[in-house]
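Dock chain B with the ligand against the given chain A, drawing on the hints supplied.
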Amino acid sequence: MEAVYELLKAVSKEHFMENMVSIPLIQPVIDNLLNIPLVGYVVALILWKPMFALLIFPGLLTLMTVLLFIIWFERKLTARIQWRRGPLEILRWAGGIIQALADGLRYFFQEVIVHRDAHKPYFIQLPILIFIPVLLPLLFIPAGSIVGIKTPYALPVVVAIVSLIPVFIVAIGWASNSRFAYVGTIREAFMYFAYEIPFILSVVAMILVYGTADMTAIVEKQTIPGIILNPVAALVFFISTIMATSRLPFEIPEADQEIAFGPFVEYSGIMFGLVMTIAYEKMYILALLMSVLFLGGGNGFPIPLLGDLAPVIWMFLKTMAVMVALAFLRSIYARFRLDQALRLSWTTMLKISAVAVLIGAALNIAQVA
Amino acid sequence: MSDNIEFLNSGPLAPFKKWGTKWSLWPVHLVTACCGVELAHAYASGYDGERLGSLNYGISRQTNLIIVEGAISRKMARVLRITYEQMPDPKFVIVMGACGLKGGIFWNGYHMVRPSDVVPVDLFIPGCPPTPESLLRAIRSLQEKIMSGEAKNTIEFREFDLSSVEGRSCPALPPTTPKVIAPTPAIKVDVEREVEWSFGKKLVKRFEKELEGLYDSIKITGKNRIAISTDRKRVVKIAQILSAEFDHVKNVNVIDVPHERSFIVEYHISSYSVRELMPVVVNIFAKIPRDDPKFPSLMTYWQSADYLEREMYDFFGVVFEGNPAMGEKFLLAPDTPDFPLRKDRKIRDECYCMEVKE
Ligand code: SF4
Chain A
22 MEAVYELLKA VSKEHFMENM VSIPLIQPVI DNLLNIPLVG YVVALILWKP MFALLIFPGL
82 LTLMTVLLFI IWFERKLTAR IQWRRGPLEI LRWAGGIIQA LADGLRYFFQ EVIVHRDAHK
142 PYFIQLPILI FIPVLLPLLF IPAGSIVGIK TPYALPVVVA IVSLIPVFIV AIGWASNSRF
202 AYVGTIREAF MYFAYEIPFI LSVVAMILVY GTADMTAIVE KQTIPGIILN PVAALVFFIS
262 TIMATSRLPF EIPEADQEIA FGPFVEYSGI MFGLVMTIAY EKMYILALLM SVLFLGGGNG
322 FPIPLLGDLA PVIWMFLKTM AVMVALAFLR SIYARFRLDQ ALRLSWTTML KISAVAVLIG
382 AALNIAQVA
Chain B
2 MSDNIEFLNS GPLAPFKKWG TKWSLWPVHL VTACCGVELA HAYASGYDGE RLGSLNYGIS
62 RQTNLIIVEG AISRKMARVL RITYEQMPDP KFVIVMGACG LKGGIFWNGY HMVRPSDVVP
122 VDLFIPGCPP TPESLLRAIR SLQEKIMSGE AKNTIEFREF DLSSVEGRSC PALPPTTPKV
182 IAPTPAIKVD VEREVEWSFG KKLVKRFEKE LEGLYDSIKI TGKNRIAIST DRKRVVKIAQ
242 ILSAEFDHVK NVNVIDVPHE RSFIVEYHIS SYSVRELMPV VVNIFAKIPR DDPKFPSLMT
302 YWQSADYLER EMYDFFGVVF EGNPAMGEKF LLAPDTPDFP LRKDRKIRDE CYCMEVKE
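Protein chains in written order, with the working numbering: chain A, 22 to 390; chain B, 2 to 359.
With the rest of the complex left out, here is chain A (with noise of 0.2 Å):
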């Protein structure tokens, strides 16, 4: 009995409303909206923390929108430095922003072959249980006071998720059972050693920095950004993001040129717009992280009239700056050969990431006595 009155009172719309996002700016709409029955439970729904992150940001809506974006901007800043226009015609008044969404549109009704040597259950399965890994880690995000899951152990939670995405992918390559998907797997498992070590220190080292793993706590402790506080951590970071994402110069494990697309190769239709999207995918997660741990995540002047808003809106900001970086690099670098990447990280990049984790220990130092 007692049981169940604690669950009706958890998914009671004053439960919700305890603990909802407050934006000044469209308060009395939302207080009318709240009072209409059924509406109401869903508005309460919705603007409750936790959901909020979940469905809005950082969670899937913004995903959506990021994505979508991202993908267009790409082709149109290659465009722009090619001294092209890139996609323009889908929507003239726009510069064809919505190029992906038509993308995306063909790719979903395009038929999906499934070849006859592909092990077939886990073939088809494994694009959508790749999602697992890579929408938990937007639960655990701070955006000011919004947050999905709030835990002590946010950050290594997170490094953690992030780090299961190869496994999938290597596993992608298996099922597709193919010379290309088999070479691209390896040359995924090659990298994937090899960032993930500096990656993994260049956290150690922020978190030694802050003395939390919280990620709350680490931004609120951000009155100094933590890319000045320790930017070898910092080139690190971004340096392992651009690997984990295999953008350019380290896209080894895809390679569209030499390996068609490594492990992704023998996908079509939606299943490919699936797989291709995971490394965007976490490109953003990644961004998101480096915002918290060295831009200061949602800190910002605060905008009474946005309210619980205002620090979305500077994360979002400082997110896109980390993502356009990137992006920005696929159109002015050649790609590295496998040898030279894995040199490069097992050797400078270790480097590096010890010295970062130097800097990290005596910050801390500092900061106890």
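If you are wondering where the hints come from, they were derived from the structure by calculation, not from laboratory data. Quick caveat, the model's predicted, so the values are computed rather than measured. Be aware that one or more of the hints could be misleading.
If you only want the chain A side, here are some residues facing chain B, beta carbon under 10 Å, derived [said to hold, decoys possible]: (1) Arg105; (2) Ala115; (3) Ala123; (4) Arg127; (5) Val133; (6) Val204; (7) Ile207; (8) Ala210; (9) Phe214; (10) Asp277; (11) Phe285; (12) Leu295.
Cross-link-like lysine to any residue pairs, in silico, SDA-like; alpha carbons within 20 Å at most [said to hold, decoys possible]: (13) Lys23(B) with Lys171(A); (14) Lys23(B) with Glu110(A); (15) Lys23(B) with Ile291(A); (16) Lys23(B) with Arg106(A); (17) Lys295(B) with Arg233(B); (18) Lys210(B) with Glu246(B); (19) Lys171(A) with Ile291(A); (20) Lys19(B) with Val133(A); (21) Lys238(B) with Asp307(B).
Note that beta-carbon positions come from the ideal geometry of N, C-alpha and C, so glycine has one too.
Okay, now just chain B with the ligand, sitting in the frame of chain A:
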């Protein structure tokens, strides 16, 4: 299953499907001939095909458009078909260039196929090569075709009554055929020529002594060029003697002379090891009857003759006795007609109206 596809093509979702496909025509990288240069131009900064949402991309599994860039040879036809089969539906084919239409400059070649015999074609672009503008135009009309579901001409020409044109003094006649065929052209391999080449004259003297009784004539046909005429019985002996200094065959060549019922087989030999013989090319040639096309292989003396002899067998059916690879196709695609360069091979007739089979 087909019900579902029917639903996608005409149900409430059809406009989305058409719209998405229209703005996302991604050609696969399949460069088959020189028209590919124009394709590159159409997608580079000058014309920027990406404006239309079309992007050259990866491999067939992830794309939906094949632009056949000009000539398709028999070997490439297989590749084209495989690429087409790998591509997920809906898929489209644009054929560029005169070669893709009727063969272009390779018209009547034994190695050409028409892309329309291999895959269903949506649009043809004439020209050799077509301009980038016309390629973009084709992509635009493909977009229109996708939206409306029907094929239309890209350009509507205006009707024009020629009889009203003033100043025409004579009636317009179709041009006469430009083909001129000499019935029995003389084919002479060793036309003698006077040149300042004292070393050559010395060389000819030496050959005349060394090859006593093995040749019909030895002539200087130009600076650094000597032709030795012989027949197929004695040629092995000549090869044996000359291979001491001349260490490789540059070229094996067969000339078909149908009106004399014979083939002429030529071996061009030269030297890499003797300094003063390096620029010299000696042509040993012999006539063989056309109904008994056999020639001794000179592979034992010149290893480099091996592949050249096989190639000549492919083209003319001259059997080089002693070469182990006779009787099989070497470089030609398996379905090429036998001995395609023989002059009496029947070429495919020009056909302007095709019968439509019900
Ligand atoms: S049509 Fe002209 S340019 Fe095109 S492939 Fe043929 S020869 Fe080359």
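Hint check results:
1. Arg105: Since the shortest Cβ distance to chain B is 4 Å, the answer is holds.
2. Ala115: violated (14 Å)
3. Ala123: Since the shortest Cβ distance to chain B is 4 Å, the answer is holds.
4. Arg127: At 4 Å from the nearest chain B Cβ, Arg127(A) passes the 10 Å test, so the hint holds.
5. Val133: Where the cut-off is 10 Å and the nearest Cβ of chain B is about 7 Å from Val133(A), the hint holds.
6. Val204: Violated - the Cβ of Val204(A) stays beyond 10 Å from chain B, reaching only about 14 Å at its closest.
7. Ile207: Hint on Ile207(A): violated, closest Cβ of chain B at ~19 Å, above 10 Å.
8. Ala210: Check failed: Cβ of Ala210(A) comes no nearer than 22 Å to chain B, outside 10 Å.
9. Phe214: violated (27 Å)
10. Asp277: holds (5 Å)
11. Phe285: For Phe285(A), the interface hint holds, since the closest Cβ of chain B sits about 8 Å away, which is under 10 Å.
12. Leu295: With Cβ-Cβ at 12 Å, over 10 Å, it is violated.
13. Lys23(B) with Lys171(A): Distance ~46 Å between Lys23(B) and Lys171(A) Cα, so the pair is violated.
14. Lys23(B) with Glu110(A): holds (11 Å)
15. Lys23(B) with Ile291(A): Judged against 20 Å, a Cα distance of about 17 Å means the pair holds.
16. Lys23(B) with Arg106(A): holds (19 Å)
17. Lys295(B) with Arg233(B): holds (9 Å)
18. Lys210(B) with Glu246(B): holds (15 Å)
19. Lys171(A) with Ile291(A): violated (34 Å)
20. Lys19(B) with Val133(A): holds (17 Å)
21. Lys238(B) with Asp307(B): Judged against 20 Å, a Cα distance of about 18 Å means the pair holds.
Of the numbered hints listed earlier, those contradicted by the structure are 2, 6, 7, 8, 9, 12, 13 and 19.
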